[in-house]
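Read top to bottom, the protein sequences are chains A and B. No gaps in the numbering here: position 118 of the first sequence is 118 in the numbering used here, and each next residue is one more. No gaps in the numbering here: position 75 of the second sequence is 239 in the numbering used here, and each next residue is one more.
Among the hints, erroneous ones may be present.
[Unchecked claim] Subject to a maximum C-alpha distance of 27 Å in a straight line, what follows is the list of computed DSS-like cross-link-like pairs (lysine-lysine):
{"id": "1", "chain 1": "A", "residue 1": "Lys2", "chain 2": "B", "residue 2": "Lys196"}
{"id": "2", "chain 1": "B", "residue 1": "Lys214", "chain 2": "A", "residue 2": "Lys30"}
{"id": "3", "chain 1": "A", "residue 1": "Lys142", "chain 2": "A", "residue 2": "Lys2"}
Source of the hints: derived by calculation from the structure; they are not laboratory data.
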Amino acid sequence: MKNISRFVLALALGAFGVWLWMALFPSPEKVISRQLEKLAQAVSVRAGEGYLPRMIGAQTVAGFFSTNVEIKIDLPNRREQTTLTHDDIVQTVLAMHVTGGLTVRCLDIAVAVGADKETAQADATVEGRVPGEEDLMVQEMKFTLRKIGGKWLITRVQTVRTFS
Amino acid sequence: MAQNDNDPKTPQPGRSRQGGWLRVVAVGRNPKTTLARIAVLVVMSVVVFKMVLLPIRVQGISMFPSYKDGRLNFVNRLAYLRHEPQRGDVVSIRLGRTNVFYRTPSVMYMKRIIGLPGDTVVFANGHLLINGAALDEPYVKGPCDWNSDPITVGSNQYFVVGDNRTMPQENHYHGRVEKEQIVGKVLF
Chain A
1 MKNISRFVLA
11 LALGAFGVWL
21 WMALFPSPEK
31 VISRQLEKLA
41 QAVSVRAGEG
51 YLPRMIGAQT
61 VAGFFSTNVE
71 IKIDLPNRRE
81 QTTLTHDDIV
91 QTVLAMHVTG
101 GLTVRCLDIA
111 VAVGADKETA
121 QADATVEGRV
131 PGEEDLMVQE
141 MKFTLRKIGG
151 KWLITRVQTV
161 RTFS
Chain B
165 MAQNDNDPKT
175 PQPGRSRQGG
185 WLRVVAVGRN
195 PKTTLARIAV
205 LVVMSVVVFK
215 MVLLPIRVQG
225 ISMFPSYKDG
235 RLNFVNRLAY
245 LRHEPQRGDV
255 VSIRLGRTNV
265 FYRTPSVMYM
275 KRIIGLPGDT
285 VVFANGHLLI
295 NGAALDEPYV
305 KGPCDWNSDP
315 ITVGSNQYFV
325 VGDNRTMPQE
335 NHYHGRVEKE
345 QIVGKVLF
């Protein structure tokens, strides 16, 4: 019985040690996943949110991207390829007409860090929910990131077609 | 041999009977067996509801009226282990190509298979033609005016579409999916 208790205690301590290590030194995959979740939170808009909080939110969103970010949209009713600066991103976020609010979530994030450890690709499902509407907006996305100044920044965003 | 009233192991009349009853209700006659049963139940639940029968909630109107918004259902992930998906099957489709069995997708599309590998699918004035012949679709209610160019389904692909064809065609996600994107068959 004493041996079992010691074994369980050692196991618990080991698990705590692993958890602590992972919390203090997260892998690039974990850092990027969290970053995309935070980006989704920053894009979300509360119902009736004023201009100033939206402006701050838009600035926060721009901070997740590199100076010039390539956007590639390939949807059934829209095709577009463009490059946006930070100012463009701020203006785009502010121009979103979402008076009733919008909740955005990044789900099922799969990150692949390049061999150089400086670039990464993240596949995610982006879910947008407008309060009161039955239909969800769901889109597969691919993000390309680069480590710039010690921070992972998004350099490219593209939509992915689920159906061909 | 005499019984010692102060011995905690000696059953006390009344109180011990009540305590024993509560104990039996709480942890069973044999706590170790109960603990083992709970552990087995938890493991079985995780295995069943993560890997075999995925609980889902229908959101949206693309499968209306067959599947209404908010309805609960299950996806059988083992449905296509022994046979290939069939025409008319309602399936759930993962977004993304990462097909890891133990990773459960948070969001999936729910669609009906109408085209099998090698088929040519066309919508002509709202009628669905498979290899030139009209397909009987009793599950489609309401008017439809969809039109499309002929689409040939690849060897490892299936053509899927929702039952609600009253929606504008451009707002209704449908088309070819790879077999690996099919998570499983919707149970009910």
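Please verify whether Lys2(A) and Lys196(B) have alpha carbons no more than 27 Å apart.
holds, 17 Å
27 Å limit on alpha-carbon distance, applied to hinted pair Lys142(A) and Lys2(A)
Status violated; Cα separation ~52 Å.
Can you confirm whether the C-alpha distance between Lys214(B) and Lys30(A) stays at or below 27 Å?
holds, 23 Å
Hint 3 from the earlier list is the only one contradicted by this structure; the remaining hints agree with it.
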